[in-house]
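There are 2 protein chains.
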Amino acid sequence: MSNNNLIKGSLQTIILKLLEENEKMYGYEITQRVKELTEGEIKITEGALYPALHKLEAEGLLTTEIQQVDNRVRKYYSLTKNGQKEVSAKMSELQSFVGNLQRILDPEWRPGLA
Amino acid sequence: MSNNNLIKGSLQTIILKLLEENEKMYGYEITQRVKELTEGEIKITEGALYPALHKLEAEGLLTTEIQQVDNRVRKYYSLTKNGQKEVSAKMSELQSFVGNLQRILDPEWRPGLA
DNA sequence: AAAAATACCCAAGCTTCTTATGTATATAAT
DNA sequence: ATTATATACATAAGAAGCTTGGGTATTTTT
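Note that the protein sequences, when read in sequence, are chains A and B.
Residues 1 to 114 in the numbering used here are what the first sequence lists, from first letter to last.
Residues 1 to 114 in the numbering used here are what the second sequence lists, from first letter to last.
Treat the hints with care, since some could be wrong.
It does not matter which identical chain is used: a pair holds within one copy or between any two.
[To be verified] Using 30 Å as the maximum straight-line C-alpha spacing, the simulated DSS-like pairs for lysine-lysine come out as follows: (1) LYS85 x LYS55; (2) LYS43 x LYS8; (3) LYS8 x LYS90; (4) LYS35 x LYS55.
Because the hints were derived from the structure by calculation, they are not lab data.
Could you put the whole structure together from the sequences, leaning on the hints where they help?
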C-alpha cells in the first residue's frame, strides 16, 4: 500500500459507503476493493485505514465480529443503525463539496453536464 | 469566515486555478470569489488562506506586488512561470481523484454521465 | 528457501486545516 | 457620535488526518 495524496477527509465516507453496499467487510478487503474499483490508482494505506475503522467503531457507527479463517483472524465490520444514518449524511456532504469544487475549478460546469 | 470541513489539500489547487483565470488577485478577493462561486457554501478561512499563499510563494509558484488603495495595503498575487505549469498538474491530479471517488462511491457513474 | 500475499496493529512525524487573536482603516448602522 | 461590519493583512496553538516505517503471524507463490 503506498503513494497517493489527497483523500484527506473522504476515507470515512468511502468506508461507510462500501459497507452500505456489502453488509460486512474486513479491513484488507476494503483496501483491495478500492484498488480494484480505481484500477490501482487509489491505494488505501493500512496506517490510514485501521485508525479510521477504530474511530468509526468508537463513534458507534460500526460493529465488529471476529472470524477465524485457516488459522488467520479476520475482523469483519458492519454498519450499526447510526452508521446507516450517517452514510447518507456523509455522502451528500461529500457530493455537495465536489459540486462546489467543480463550480470553482470549472466555470463551464453545471450539474447534469458530462 | 467559518464552518466548512473537507477541502484538505484542494485549497492550493483552488488558489492556482483562480489565479490562472484572473492574472492577479489579493487574498481577501480570493475568499470573496470562492464564496460567490459556491453561493456561500465554501468559506475559505483566513487562517487557511494566508499560510497557503505564503507557502506557494516560498515554493516559487506565486509572486507578490504590494498596492496602496485608500490608505489600505493590498498584496496582489500572480502566477510565476513555474506556477503556470503547476496549475495543469494540480488540476489533472484533482480531477482524476474526483473521478476515482465517483467510481468508488457511485457504482452507476462513468465518465461522460450527468 | 525466499518472496509475496494475506491479515492485523501501533507510533512518530508532517501537512493542512480550525479557532482564536492581533493590527488597522473605511463604511454602514444605531 | 459611537458601535458594528466590511475590508485587508498576519500569526500561533491545537486538532485531524494522513504517510512512513515499523512489528507480528500465517499462507501461497516463485
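Hints versus structure:
{"no.": "1", "hint": "LYS85 x LYS55", "verdict": "within (17 Å within a copy, 39 Å between copies)"}
{"no.": "2", "hint": "LYS43 x LYS8", "verdict": "both (13 Å within a copy, 18 Å between copies)"}
{"no.": "3", "hint": "LYS8 x LYS90", "verdict": "both (14 Å within a copy, 16 Å between copies)"}
{"no.": "4", "hint": "LYS35 x LYS55", "verdict": "within (22 Å within a copy, 32 Å between copies)"}
No hint from the list above goes unmet by this structure.
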